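Construct the complete structure from the given sequences, taking the supplied hints into account.
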Amino acid sequence: KEAIALDPAFSRARNNYAAFLARQGRFAEAEGQLKVVVEDTLYAARPQAFINLGLTRIQLGDAAGAEEALARALSMDRTNSLALLELAQLRYDAGDYEVAQRYYDRYLSVVRRQSPRALLLGVRLARRSGDRDAEGSYSMALRNLYPDSAEYKVYQEITPGG
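Residue 96 in my numbering sits at position 73 of the sequence shown; the count goes up by one each step and never skips.
Quick caveat, the hints were computed from the structure, so don't treat them as lab data.
Nothing here was measured: the structure is a model prediction, and the numbers come from that model.
Glycine is no exception: its CB is placed at the ideal position from the N, C-alpha and C atoms.
There are no misleading hints in this set.
Each pair of labels, with its calculated beta carbon distance range: (1) Ala117 x Ile181: 13 to 21 Å; (2) Ala157 x Lys58: 33 to 41 Å; (3) Pro183 x Gly84: 27 to 35 Å; (4) Val122 x Gly55: 23 to 31 Å; (5) Gly48 x Ala173: 16 to 24 Å; (6) Ala67 x Gly153: 43 to 51 Å; (7) Ala117 x Glu25: 35 to 43 Å; (8) Val133 x Glu180: 24 to 32 Å.
This is how it looks when you write it as structure tokens:
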């Protein structure tokens, strides 16, 4: 707070403060700080600030605002795996499965190893499209790589006999 008070244009300090606020569960305050950060067009970590803003908005239940921020991040860094995954999840949650699949496919093209969250989304998308091979592949990876994850537990709950 002191660094920001001394230099209100110090975007790195403001971004770090926003991260601190988010870790404290103070998402509305974090969003306020991040709104200022993303306006700084000279800030080198601006794409990450947009991602932070999107993640904060997800926590605030603002899916449209989150999607807008994540899309801005993606426009600055087309290979950002976190933005791609979050946008895929947001589109899936909105029932826009075709667009969710496109974001997910782009996500797959830029990651080496999927997170448990990504694998669970892959299972869900594969089920929706009827792609049994992909569903089997994602579910096997989830089971083998992340057997103790919360996502694998969710998978077991949503899978008959799982």
